[in-house]
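Protein chains: 2
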Amino acid sequence: MKHVIGAKCTLCGKTVSAEPETTVCPSCGGILDIEYDYDYIKSVNEKEPLSEIKDRTMWRYMRYLPVQSTGSRPRLRVGGSPLYRADALSRTLGVKELFIKDDGQNPTASLKDRASAMAVVKAEEAGKETIACSSTGNAASSLAGNAAAAGLSTCIFVPARAPKGKVAQLMMFGARVFLVDGSYEDTFRISAEAIDHFGWYNRNAAINPYLMEGKKTVSLEIAEQFGFKDLPDYVAVSVGDGCTIGGVFKGFKDLYETGVIDRIPRIISVQASGCCPINTAAAAGTMEWTPQEENTLADSIAVGVPRNPIKALRAIRDSNGITVNVSDDEILAAMRLLGSTSGVFAEPAGAAATAGIKKAVETGLIEKDARIVSIVTGNGLKDVNNAIRASGEPIHIRPDMDDLLPHFN
Amino acid sequence: MKHVIGAKCTLCGKTVSAEPETTVCPSCGGILDIEYDYDYIKSVNEKEPLSEIKDRTMWRYMRYLPVQSTGSRPRLRVGGSPLYRADALSRTLGVKELFIKDDGQNPTASLKDRASAMAVVKAEEAGKETIACSSTGNAASSLAGNAAAAGLSTCIFVPARAPKGKVAQLMMFGARVFLVDGSYEDTFRISAEAIDHFGWYNRNAAINPYLMEGKKTVSLEIAEQFGFKDLPDYVAVSVGDGCTIGGVFKGFKDLYETGVIDRIPRIISVQASGCCPINTAAAAGTMEWTPQEENTLADSIAVGVPRNPIKALRAIRDSNGITVNVSDDEILAAMRLLGSTSGVFAEPAGAAATAGIKKAVETGLIEKDARIVSIVTGNGLKDVNNAIRASGEPIHIRPDMDDLLPHFN
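Taken in sequence, the protein lines are chains A and B. For reference, each letter of the first sequence is one residue, going 20 to 428 in our numbering. For reference, each letter of the second sequence is one residue, going 20 to 428 in our numbering.
Worth flagging that the hints you see were computed from the coordinates, not collected in a lab. Check each hint, because a few of them may be wrong.
All copies of an identical chain are treated as equivalent in the list; a pair is satisfied when it fits inside any one copy or across any two copies.
What the hints assert, rightly or not - Here are the simulated BS3-like cross-link-like pairs (lysine-lysine), alpha carbons at most 30 Å apart as the crow flies:
(1) K147 with K115
(2) K61 with K73
(3) K183 with K27
(4) K27 with K387
(5) K21 with K61
(6) K183 with K272
(7) K73 with K115
(8) K387 with K183
Because the structure is a prediction, the values reported are computed rather than measured.
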């Protein structure tokens with residue numbers, strides 16, 4: 020691949036060759052980051068501008084992705100999610116311009132489809148027939164769905180607290196699912212041991228450097244949906260493991276380095292107050308983070324021991340970003356707000372970014388005349404129990420006008 | 020609107036003017052059908068072929084829709100859902116070519132978004148601020164979501180048996196939800212009385228002739244995804260109220276009448292064995308149907324008293340269609356099949372069409388060298404309880420290799 024230089028370690032800085040099964044740094048065990056030949060990508064952009072590409076999926080950005088082709092297997096339609104101008108919500112929050120990037124519109128209803136679609140292509144490159152991962156849910160179901168479409172097998176390790184809807188979804192995709200009696204950390208460890216033992220393809224986002232490359236397509240799309248100009252001042256995203264925010268930054272960085280955009284939006288890193296190791300470190304201005312309990316109903320970002328803290332902390336630092344922690348009540352309120360003002364139904368982690376924007380505006384952390392994008396990372400149908408908690412109960416009536424009319428007095 | 024002639028009664032044949040609030044025939048109470056000036060649409064097609072339209076949503080087919088514009092309010096991205104070539108599934112079923120039209124990829128995760136998006140535009144035309152409907156779920160949540168995006172209020176009447184996930188979804192969109200202690204029939208009646216009483220805009224699909232026009236865009240898309248040629252021999256769709264199958268037929272008919280396609284695919288009408296009044300009448304070759312009990316877990320098509328039997332029965336007759344009834348077990352098996360072979364997670368009613376195709380192939384009702392499209396009308400996340408029933412339980416383990424390894428012996 021002419022446009023890929025290699026995989027550079029985020030710890031020791033060593034660069035290794037980027038092979039399909041490349042995981043962590045062979046020297047120090049650090050997480051790797053794919054490096055591109057930006058001059059080469061620039062020359063490709065000059066020959067064929069992005070705007071002329073017909074493909075509407077994430078693969079329209081192939082020249083920015085660490086693949087030569089998407090392989091021969093069938094695949095789901097990932098990416099190309101809508102960016103909504105949310106005037107009613109921006110009025111409610113008291114900011115000038117707010118946009119919602121609804122990544123819950125992906126095939127298995129979360130942003131993680133972008134990473135899993137990449138994993139499937141890489142597994143095929145590596146000649147593997149089984150892909151495995153540990154996940155709080157969305158990585159798992161997106162892997163199961165994208166692998167099923169491609170005819171690959173999956174083994175998935177899920178912590179026992181994962182919502183039933185998420186588990187059912189991945190079971191329906193034919194995955195072998197192991198519900199692990201333990202924390203996310205325990206689940207991750209057993210999956211790593213099993214992957215080692217059986218030689219499966221590894222879709223654990225922090226270990227596998229390609230997955231963040233898939234995720235970054237959300238930023239490539241946002242930038243293109245703004246016409247690559249007048250970019251938002253801020254992009255808010257919820258943060259768990261650290262891979263998604265790393266991808267959000269990387270996408271903008273790649274466009275910036277290739278001269279397609281003239282600045283990188285500031286990233287608003289939103290975590291749950293009950294589980295915010297990355298934001299705690301970032302706010303203290305250090306790269307040293309401390310494990311935390313996982314006390315939040317937003318299961319997709321309940322990660323007390325983040326696997327990708329370095330990329331996350333650098334994304335915040337290098338984008339001149341800000342951090343906001345939000346309570347579970349603030350998350351539930353943001354779910355109602357997104358739904359009722361914009362018709363977007365988000366799962367708790369998906370609404371957290373909006374809760375963070377609300378809080379950042381209220382506390383004066385971001386200016387009222389800002390232009391902001393809130394990334395909705397997952398669909399609310401994934402977590403019905405919390406949707407019920409957020410929404411309250413409907414009104415019960417008998418089929419009779421006498422029963423109905425009093426509700427309108 | 021130059022391209023709309025009027026609304027023609029399906030019973031007495033009288034044509035009335037198509038106004039935003041036009042409902043049933045003023046003479047006989049029959050359901051109306053929007054009529055187009057096909058010659059005019061042909062002339063528009065000649066001036067600007069459909070392929071040149073940039074809009075990727077259902078509104079790209081504006082010239083075939085009973086609207087002049089989509090109004091000034093914000094809207095969700097409805098339509099443009101993927102058509103997947105499903106080779107693994109076609110091999111499993113033993114048919115030559117099978118395609119999946121995944122309409123669970125719409126904003127609120129069902130085909131009904133196409134109808135609700137239309138209702139919102141029509142309500143705005145009519146100057147109404149509140150829209151109401153009765154629904155087993157998907158019509159309701161799609162209305163709530165699309166109306167919320169546009170800043171309109173909704174009052175929604177839902178039978179008490181509707182799955183909690185569907186109710187939670189529409190509550191999150193800020194709808195006023197009335198859970199009616201009774202059947203779909205009771206729910207429909209009380210909604211009609213309330214709409215009359217309060218003067219709300221009526222989104223009940225059978226009463227409002229515009230909704231089917233929104234739904235028909237699924238067929239316009241299917242035809243375009245085949246390049247308007249080499250169309251499928253069959254299109255399978257699950258049938259409840261009768262409006263969706265009516266829309267599926269109407270879309271192909273409009274394209275046929277305007278010379279864009281050279282034949283109309285045969286429609287496979289799939290109902291649940293426990294609730295199949297339309298198929299029972301169609302199979303007997305009569306337009307006279309009899310109410311039935313609602314004995315199926317596929318709640319979206321559990322309609323014992325269909326509101327739009329005439330359009331449904333005509334769609335089957337006029338497309339030289341066929342009917343198949345499937346058991347709940349066959350529906351659950353089709354959910355597993357769709358998920359594991361194709362990465363598409365369908366709700367029971369969404370998988371029913373695939374169950375119908377399987378049965379029709381096995382019984383020799385359709386030939387093995389056929390080219391078939393199965394429409395998935397709704398996402399499986401809408402009905403987690405049935406997904407769990409279909410999928411079985413995951414494997415519980417402690418975070419320990421000794422606990423894991425025996426599962427691979």
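Going through the hints against the structure:
Taking the shortest alpha-carbon separations for K147 and K115, only the inter-copy value of 28 Å comes in at or below 30 Å, while the best intra-copy value is 49 Å. In this assembly of identical chains, K61 and K73 lie within 30 Å of each other by CA distance both inside one copy and across copies; the values are 19 Å within and 27 Å between. In this homomeric assembly, K183 and K27 never come within 30 Å of each other (Cα to Cα): the closest approach is 38 Å inside a single copy and 48 Å across copies. For a Cα distance limit of 30 Å, the shortest separation of K27 from K387 qualifies neither inside one copy, at 39 Å, nor across copies, at 53 Å.
Taking the closest pair of Cα atoms, K21 and K61 come within 30 Å of each other only inside a single copy of the chain (12 Å); across copies the shortest separation is 49 Å, beyond that limit. Within a single copy, K183 and K272 get their C-alpha atoms no closer than 37 Å, and across copies no closer than 43 Å, so neither meets the 30 Å cut-off. In this homomeric assembly, K73 and K115 come within 30 Å of each other (Cα to Cα) only across copies, at 29 Å, whereas the closest approach inside a single copy is 33 Å. Taking the shortest Cα distances, K387 and K183 never come within 30 Å of each other, neither inside one copy (40 Å) nor across copies (38 Å).
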